[in-house]
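K.L.:
Spelled out, the chains give:
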Amino acid sequence: MNTEVLEIFRQAVEDPGKEVREWKEKKGGKVVGFLLTDVPEELIHAAGFFPFGICGGTVRMDQVEAHLQFWSCSYVRNSLALALDGKLDFLDGLVIPHTCDTTRMLMGIWKHVRPLPFMDSFRLPRQVGRPSAKQYVVGELRRIKDRLDDFRGTEITDEELSQSFKLYNSNRNLLRKLFNLHEQNPASISNKDLYTVVKASMVIEREKLNMLLSELVSVLAENAGTPNDKTKIFISGTFLEPLDLLNYIDESGGAIVGDDLKNGFRYIESDVAEAGDPLEALAERQLKRIPSASYDIPENLRRHFLVKTAQQKGVQGVILLHVKYCEPENYDYYDNIQALEKAGIPALRIETEFGDTSLGQLSTRVQAFMEMVGGE
Amino acid sequence: MSEKKTFKTAQLMKEMMKKYYEDGAAAKERGIPVAWVTAVSPVEILYAAGVFPYYPENFGAVAAARKVADKLSVHAESKGYAHDLCGYARCGIGDAYADEHPIGEIVKPEVLFCCNTQCGSLPKWFEVASRFYNAPYFLLDAPLIGNEPEELCTSYYKEQLYEMISLLEKITGNPFDYDRLAEVLHLSNEACRLWNEVLDTAALKPAPFGFFDACFHMAPIVTMRGTQEAVTYYQALKEEVDERIKEGIHAIPNERFKIYFDHIPLWPKLRWFSDLFAAHDSLVAVSQYTHSWSYSFDLNRPIDSLAEQYTEEFVNRYFDYRLQLKMNFFKKYNVDGFVLFSNRSCKPNAFGLYDKRSILSEKTGLPGVVFEADMSDLRFFSESQVLAKLEPFFEQLGSS
Ligand code: SF4
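These protein sequences, in sequence, are chains A and B.
The opening residue of the first sequence carries number 25 in this note's numbering; numbering runs sequentially from there.
The opening residue of the second sequence carries number 1257 in this note's numbering; numbering runs sequentially from there.
Since the hints were made in silico from the structure, they are not lab data.
Given the structure is predicted, the values throughout are model-derived calculations rather than measurements.
Treat the hints with caution; some may be incorrect.
[Said to hold, decoys possible] Covered stretches of chain B, going by a simulated chain A footprint (3 or more residues, C-beta under 8 Å):
1) 1580 to 1591
2) 1601 to 1615
[Unchecked claim] When the alpha-carbon atoms are kept at most 20 Å apart in a straight line, the in silico EDC-like pairs for lysine to aspartate or glutamate are as follows:
3) B:1364 - A:113
4) A:158 - B:1419
5) A:50 - A:89
6) B:1335 - A:365
7) A:135 - B:1611
8) B:1364 - B:1285
9) A:158 - B:1285
[Said to hold, decoys possible] Listing some non-contacts, in silico: residues in chain A with all C-beta distances to chain B over 12 Å:
10) 186
11) 243
12) 389
Just so it is clear, CB atoms sit at the ideal spot from N, CA and C, and this is done for glycine as well.
Can you make the complete structure from the sequences, with help from the hints?
P.N.:
Below, the structure written as structure tokens:
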């Protein structure tokens, strides 16, 4: 499937700064970058700023050596390297979600080497099962909102918040439709294109994104071909990167029908309630997200979620992606794989790195796994 | 140094720690619940509730000091826990799966309390352990704070202390005893005060006591603050250090330089390091690490005070605060240089050190160096690489 609109998404991923530079030139607005993706983007958007997802990219890595140990994860190293190399020069601000020790410590370094007018952290709670958590998240969101108010010079209004919630919900709804189309009929859009669109959605202006997504969804829906006879795969991990990995799944007749990735379905799975207190609604969404390694959720334990979802969707195999040196993910791995094994669901673990282009080895492993679970 | 006079209190500590571990092992039979807890946690609440607080980190440190960390770790690694995770966690998880226990078995928890001010490894490790031992896990969650304490974070923590207390009431079947808490806090204050008085003697020149001594004598302040035993111990240690001052017994034979060290020591190489520094007439006098236990609780507002002090610890602070803290220590102990240990196990303390080194040198004019290794795992230790960093540093010291 090759439509013009898909090409726009592909280009946005090819050169993530392209859209935002054009926007900045045209509108003269401010850009607030964020590390993926447990961030209240809607607040940034409501303030009139461009929320820009830092998604990794090809960049020289030598400069980062002086600031971050090689045994920190490649996402954080790659992000800082982009900043050091001037590839994020359009940023006026940065929000880092505290998802691990590395993201907790990164702000100080970044502030020191590339200070920006607006810098803040979203200090996620690491327990979400007790009443204290919700109260705290609402307070933390209020704090960030106050800082954004100050940075803009005027208070973000409820009207602005409600507009942003609507727009983001609409974006997410369209992206979910895309996932749904892909699940029903994987021939309509390849795995790689699907995740390309998710990635692009973090770097394209939200209003424009809505138009592009609407177009894409309607084109694809019209061409709905044969139903799914592919090997159904679930992907679990922190990030899906590099996207080229998906070529192997495409080539071996696999269809990804779910994930718990920060840059995958987990990013768009749920919406923000449009009625009621806006900050409470944002907090509620954050607390109810698909479980990840950042914390275990007592009423939705990650390993149970994995098994349950795999079973519901009739998944034939689970691929566990492990970004090298990602600590939280590593602590979850063994219990996850044990739970999957017990449920009779085959799983493959592969280690990945941002900016890694030598995927040769992985292709053999992914293909062998796909053959095994595909049963052909 | 081999000719160095050992502390008389060392013997006392051995006995005390032995008893502590025996008590832990016997707790179950006596119907006392064993609670796992982390080093920078409000253990005072556990002592007041009458449960036995057990420190798996200490288990990791002991394994490291006895040079068996790698042996335990491989059992975790074979399950897919990478060798770059925190060494303490690898030892703890490894011990769970191991059939050999070179330092004795880790004491199994009936409940796990973790405070995440120190790091994100502890909560993940405790989650794993809670699944393995099938025991409830409770996290005291502390968002990182900047230069100023924040009402948002303190009240969140305070709220959680009450949640923790209700869980303890359920586990013990007894209402929480606030009078007992006041007693425990008082004992904790006393132990911390004495401990810090001992640490402060490292500022004397020449000093009777230094960082490597502190590493040896710190176990009770970590595990037993809040008990009379800890107070008695540090009274004895303080007396002994005072005697040494009178008698002119020094930590190293020929102290010319004082050094600041960040953060945890390399446990299996403690002796090697202390000899190396001593051979260069350098006393490692101070580290933020051993100063972590410096509480002074307000007995009139116990819960507020616990929430404030535990969240405001430097381990829970941003970059700038930690920089300032180091510079305060430089000044207070009048150091001549600083050594920063980029500890592969401990990411929250290692990340940022490269930039901190240059900023600190710029701001203070002192020579400083960062070296790479791991606090527990000798597979990440290269003597020649460490020396290649430290030798030029010692030369700089000598020439300044
Ligand atoms: S050594 Fe560091 S990572 Fe390990 S438990 Fe201690 S603070 Fe956490």
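K.L.:
All hints are to be evaluated individually against the structure, with a verdict given for each.
P.N.:
Comparing the hints with the structure gives:
Only residues whose beta carbon comes within less than 8 Å of a beta carbon in chain A count, and the segment 1580 to 1591 of chain B has 0; fewer than three means the coverage is violated. Closer than 8 Å: that is the beta-carbon criterion, and the segment 1601 to 1615 of chain B has 8 residues meeting it against chain A, so the requirement of 3 holds. Restraint check for residue 1364 of chain B and residue 113 of chain A: not satisfied, since their Cα atoms lie roughly 52 Å apart, outside the 20 Å limit. Of the pairs offered as hints, the one joining residue 158 of chain A and residue 1419 of chain B holds, with about 14 Å between alpha carbons and a cut-off of 20 Å not exceeded.
For the hint linking residue 50 of chain A to residue 89 of chain A, the alpha-carbon distance of about 36 Å lies beyond 20 Å, and the restraint is violated. Among the hinted pairs, residue 1335 of chain B with residue 365 of chain A is consistent with the structure: their alpha-carbon atoms are about 14 Å apart, no more than 20 Å. With a C-alpha separation of about 11 Å, the suggested pairing of residue 135 of chain A with residue 1611 of chain B holds against the 20 Å cut-off. At roughly 13 Å between alpha-carbon atoms, residue 1364 of chain B and residue 1285 of chain B fall within 20 Å of each other, so this suggested pair holds.
Distance restraint check for residue 158 of chain A and residue 1285 of chain B: the Cα-Cα separation of roughly 39 Å exceeds the 20 Å cut-off, and the hinted pair is therefore not satisfied. The Cβ of residue 186 of chain A sits about 25 Å from the closest Cβ of chain B, beyond the 12 Å cut-off, so the non-interface label holds. Every CB of chain B lies more than 12 Å from the CB of residue 243 of chain A, the least distance being 43 Å, so the non-interface label holds. The beta carbon of residue 389 of chain A is kept farther than 12 Å from every beta carbon of chain B, the shortest such distance being approximately 15 Å.
The structure is inconsistent with the numbered hints 1, 3, 5 and 9, although it conforms to all the rest.
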